[in-house]
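So the chains spell out like this:
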Amino acid sequence: MATATTPNFLEVNRRTFLRMSGAAARGLFLSLHLAEPGHARQTPKAQAYPPAAFIHVRSDGKIVIQVNRLEFGQGVQTALPMLLADEMDADWSQVIAELAPAADVYSDPIAGIQMVGGSGSIAHSFEQYRQLGASARAMLIAAAAAQWNVMPEQCRTEASVVYGPNSQSAKYGELAESAAKLPVPESVQLKKESELHLSGKNTRRLDSRGKCNGSQKFGLDVDLPGMKVALVAHPPVFGARVKSFNADAARAISGVRDVFEMPLVRGTGVAVVADRFWAAKQARDRLQAEWNTASVEHPDTAQLFSKYRELARTAGNIAMTRGSAASMDSIPSSKRILAEYEFPFLAHTPMEPLNTTVRFDSSGAEVWAGSQFQTFDQMAVAEVLGLKAEQVTFHTEMAGGGFGRRAVADSHVQREAATIAKRLPGIPVKLIWTREDDVQGGYYRPMFVHRVDVGIGADGMPIAWRHVIVGQSLVAGTPFAARLIKDGVDATAVEGVADTAYAIQNFYVSAHHPEINVPVLWWRSVGHTHTAFVMETLIDELAMRAKTDPIAYRLKLLSPDAKKLRACLTLLREKTASWRDSATGNRAVGVASHESFGTGVACAVEVSVENKRPKIHRAVIAVDPGFAVNPLSIESQMQGGVTFGMTQVMPKGAITLKDGRVEQRNWDGYTPPYINDAPVTVEVHIVPSSEKPTGCGEPPVPVISPAIVNALSRLTGKRYRSLPLAEI
Amino acid sequence: METFKLTVNCQQKDVTVDPSTPLLWVLREDLKMSGTKYGCGIAACGACTVHVGGVPTRSCVLPISLVGERPVVTIEAMSNDTIGRVVEEAWVSEDVVQCGYCQSGQIMSAVALLKATPKPTDKDIEESMGGNLCRCGTYVRIRQAIKAAARQLG
Amino acid sequence: MMRLGPTLLLGVLLLAIVSIGAASREQGDTPDRETTPNRPAGLAAWQKIYSVMSHPRCINCHTASDYPEQGDDRHRHLFNVVRGPDGKGVPALQCATCHRQANADSTGVPGAPDWHLAPLSMRWQDAADRILPSSAVCKTVSDPAKNGGLDGAALIKHHQTELVKWAWKPGLRNDGSARSVPPIDYEEFMVATREWVQAGMPCTK
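Protein chains in written order, with the numbering used here: chain A, 2 to 729; chain B, 30 to 183; chain C, 622 to 826.
Check the hints yourself; a few may be wrong.
[Said to hold, decoys possible] Far from chain C by the CB rule (all over 12 Å, computed), these chain B residues:
#1 Lys34
#2 Ser108
#3 Arg114
#4 Glu118
#5 Lys176
#6 Gln181
#7 Gly183
[Said to hold, decoys possible] With a cut-off of at most 25 Å between alpha-carbon atoms, the simulated PhoX-like pairs for lysine-lysine come out as follows:
#8 Lys176(B) / Lys144(B)
#9 Lys548(A) / Lys576(A)
#10 Lys202(A) / Lys192(A)
#11 Lys778(C) / Lys760(C)
#12 Lys709(C) / Lys790(C)
#13 Lys767(C) / Lys709(C)
#14 Lys148(B) / Lys709(C)
#15 Lys790(C) / Lys669(C)
#16 Lys193(A) / Lys564(A)
#17 Lys693(A) / Lys193(A)
#18 Lys176(B) / Lys616(A)
#19 Lys144(B) / Lys709(C)
#20 Lys760(C) / Lys786(C)
#21 Lys42(B) / Lys218(A)
#22 Lys709(C) / Lys152(B)
#23 Lys613(A) / Lys152(B)
#24 Lys653(A) / Lys152(B)
#25 Lys616(A) / Lys152(B)
#26 Lys778(C) / Lys669(C)
#27 Lys767(C) / Lys669(C)
#28 Lys42(B) / Lys61(B)
#29 Lys218(A) / Lys61(B)
It should be emphasised that the hints constitute simulated quantities derived from the structure, not laboratory data.
Think of the CB as a built atom: it goes at the ideal place given N, C-alpha and C, for glycine as much as any other residue.
Isolated chain A, as found in the complex:
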């Protein structure tokens, strides 16, 4: 990370620049323009982004590019620099990507806060990073032209060199200082697609080697002089408070520095601070903490499902309605399907356990965290420490996965760390959540129940569809509520159903959002994790009833406007033509398609049942993400995303609560897919497109569970309406 004294692209160094840019979006009210899922994205206001904050051309020729959002596996630290380097005509082999610290200049242009989520990295920063690159190029040319006393139009650039009309040439590293003194152009011309030579090509990740040789540092690896490690004993029931604990037993462990009760976002806990992790862990294990749990609700999975099923029998707040609600009544029961679906709580469990390091003293604070929500987290730390946000230097560390778990509006992990650091001024405190803390600590994908009544027309297509969804609201009580809750419906609970591209004439969707004492959060692909399962298994059931090929059925039912889905299904049909219809014996093929975050995905899997589990011999994916900035990265996201999505069908893919307590403790009780569970091969085909790029991080996740189950239904004749999958 460049220090305050490192010469920067502009004369103004980055720290000064950041201070100058001010706290435009501070305060409790943040103007958020999160695009609603499934709808066309808003374009950001045209503006000149400042290259100074994003690009550092070193005199040795290296080009350091600041990435305005967390890298947590999705490949953004390569893809965004590709766009910039392409427009800039930078020598790609000299590019170094860094994760930008928290600052307004690094806000997501559409969301207005610094964040990563909603598969929006490329979609939102596509133009921005291209503009930055084009601006930098223009300024470098201007500097060269001035030196050579020629017109900028007479110059051209290639691989970090400006060439003049009379064989003059100058490297970017030589020009950087003078270029920095020039004004940033107000508008720049971006390259035509045919002029791009990096974007659109398979490009290997910039961060690969460090991640292969142990040198890449993650948040958990931060090491500072005098640093202490902190663990917090959290209440066993959400929101409970400490009744008593044995500090002496904990302090008896050698290396323990402090043991104290502290407030949490929900309830209270006990912090243990020690020189080393093991000492902190042993001390925490000896706390003998007792808790006041009587005054908080004790959620219980069985009771909740029972309550949700009851609620699902009544109409909720209307999410979508078209046609006639009464039309269902005239359809005979022989032409109706009534289906009830159940989905459990899901934990994210990214590989790197949650952690944040904070150092606080009278002049301010420094934070090191792999955060998906730097703006919120920086503000939260400032609030806890009684500082202004600008007094908190917030370093974005490489994160070992996130899947939404590091995007928390209440910044509870950062608040815990800051609270402890406040007690130890001058001492960096690394707060770690153990894997047990993580599995038991809440912020789950909520439980959901769907109740769907489908009326089938004479042609075997659905003509009436009544759908009730029951599950907690993710955004109620957060800054996102104003934008995402309308008429009592949380958009994130109904996305994928309410906005379906299937042309169902009489369509009625409503939702209930019970308030439950379990903190909940977006889990990679959010509402689509359950809505796609319901839609795609029901549509497949209808296709089977109509004795129609599942791809043909979908193409028939989809609205003509569903361009991406149509393209994906058509491509999938082509790529699976040789084997899709010839699965015999103990193998079957299942298909599913779904559009989320602006990207269409269709998937076919070949499945058999082995040892009572689905074995996925192969998966083929067709994806339409608009213009594919880095096809290699998209392939990885599709392969990884379907494997991640399989968490939902694993036998231990559920978090359950009994009388208020989470029953699982670690990956022994909540078990994600290992290599033998994952598809053996995942073939990815990208629909060629020049449309604006849309995201790839989340879109593959929703399709895999219904595709697998659709194959299983063909094998066993059974319907699978509840996840995780019990024995087949």
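Starting from the known structure of chain A, arrange chains B and C on it as the hints suggest.
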């Protein structure tokens, strides 16, 4: 507290720690070698895999008191290992990593596999890599990279 | 006059070996075995031995499958651990990857020297992970073709290895709770073993 003499990546290291401390935390905190990762603490995920006396070992469950004189080799030494180097190149060439947090452990396991089985079958790969968790789902590319490394070594 | 002790012992052992041979040829009545005066005592001793062998600490590694079991509920060992060609796992996921020469109580992993699975010939469960009845286990244990060529003396020695003894000092789980131990203590187990061997390693039908 007790003093233990360790050999880590061919270097002698003395550490004074609680004997019950897992090797993982001795490596990370006392020896400042953060390449070996903490993922779960119960040997479920393999992120902590090192080689102890030539045996792939989950360091999160191995108390330092049980290491003895067996040499410890970590991910940091793999670039200089004949097989480790080839595995690293295959990993980079096949663009395996996503978040990367599990990959130290994956590579240590892959190296152990290739040392014992230079031409692993799909089944060999699936069994030997079967205990290494990857939440990003890089398994397909891990398979490819191991095969690429085997071809390179063979 | 020769000392009776060693000769008698030798005689008992020879008798035991002959009896084993007889038992492995056929089930049911072999006149020698039926009339051996120690038979009832031997059978009673066997029941004690069986009570140990069918306990999770022992039977979890005498599986009929390609995996070990764990826990008192004898579930399939987690984390995709498999038997491998020699019962020691596979190259990158060996028993020794986690199980060392002694219990790791601070991290909850049991250990003993040479931790490994009993070969399939020494399985005491069926393919569905159900514990085999006493008579079936008895036959497996007493049959040198199945038990690794062990005669009575060798069996006694086997019961004195660290790995077998581990069952009575199985260490703590990672939540600090102690693993359960077999229903009789080790000394009683060894007495029963000797009694059973001396009785000719009888099995019921």
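Going through the hints against the structure:
No Cβ of chain C comes within 12 Å of the Cβ of Lys34(B); the nearest lies about 18 Å off, and the non-interface call holds. No Cβ of chain C approaches the Cβ of Ser108(B) within 12 Å, the least distance being about 19 Å, so the stated non-interface status holds. The non-interface label for Arg114(B) is consistent with chain C: the shortest C-beta to C-beta separation is roughly 18 Å, beyond 12 Å. With a least CB separation of 19 Å from chain C, Glu118(B) remains clear of the 12 Å interface cut-off, as annotated.
Once the 12 Å rule is applied to beta carbons, Lys176(B) is consistent with being away from chain C; the minimum gap is 15 Å. A cut-off of 12 Å between C-beta atoms confirms that Gln181(B) is not in contact with chain C; the least separation is 18 Å. Taking the minimum C-beta to C-beta distance to chain C, about 16 Å, the non-interface status of Gly183(B) holds against the 12 Å cut. A hinted pair counts as satisfied when its Cα atoms are at most 25 Å apart, and Lys176(B) with Lys144(B) qualifies at roughly 13 Å.
A hinted pair counts as satisfied when its Cα atoms are at most 25 Å apart, and Lys548(A) with Lys576(A) qualifies at roughly 22 Å. A hinted pair counts as satisfied when its Cα atoms are at most 25 Å apart, and Lys202(A) with Lys192(A) qualifies at roughly 15 Å. With a C-alpha separation of about 19 Å, the suggested pairing of Lys778(C) with Lys760(C) holds against the 25 Å cut-off. Annotation: proposed proximity of Lys709(C) to Lys790(C) holds, straight-line Cα distance about 21 Å (limit 25 Å).
A C-alpha spacing of about 19 Å is found between Lys767(C) and Lys709(C), which places the hinted pair at or below 25 Å, so the restraint holds. Only pairs whose Cα atoms come within 25 Å are accepted, and Lys148(B) paired with Lys709(C) is accepted, the gap being roughly 20 Å. Restraint check: the Cα-Cα separation between Lys790(C) and Lys669(C) comes to about 19 Å, which is no more than 25 Å; the hinted pair holds. For a cut-off of 25 Å, the pair hint linking Lys193(A) to Lys564(A) stands: about 24 Å separates their Cα positions.
Proximity of Lys693(A) to Lys193(A) is assessed by CA-CA distance (about 13 Å); at most 25 Å being required, the pair is judged to hold. A C-alpha spacing of about 21 Å is found between Lys176(B) and Lys616(A), which places the hinted pair at or below 25 Å, so the restraint holds. Our distance criterion of 25 Å between C-alpha atoms is met by Lys144(B) and Lys709(C), whose separation comes to about 16 Å. Of the supplied pair hints, the one linking Lys760(C) and Lys786(C) holds, its CA atoms being roughly 22 Å apart against a limit of 25 Å.
Our distance criterion of 25 Å between C-alpha atoms is met by Lys42(B) and Lys218(A), whose separation comes to about 22 Å. Annotation: proposed proximity of Lys709(C) to Lys152(B) holds, straight-line Cα distance about 17 Å (limit 25 Å). Simply put, Lys613(A) and Lys152(B) have alpha-carbon atoms about 19 Å apart, close enough for the 25 Å limit, and the pair holds. Of the pairs offered as hints, the one joining Lys653(A) and Lys152(B) holds, with about 24 Å between alpha carbons and a cut-off of 25 Å not exceeded.
Our distance criterion of 25 Å between C-alpha atoms is met by Lys616(A) and Lys152(B), whose separation comes to about 14 Å. Distance restraint check for Lys778(C) and Lys669(C): the Cα-Cα separation of roughly 18 Å lies within the 25 Å cut-off, and the hinted pair is therefore satisfied. For a cut-off of 25 Å, the pair hint linking Lys767(C) to Lys669(C) stands: about 21 Å separates their Cα positions. Taken as a hint, the Lys42(B) and Lys61(B) pair is honoured in the structure, with Cα atoms around 12 Å apart against an allowance of 25 Å.
A distance of roughly 12 Å separates the Cα atoms of Lys218(A) and Lys61(B); the hinted pair therefore holds under the 25 Å criterion.
In summary, the structure agrees with every hint in the numbered list given earlier.
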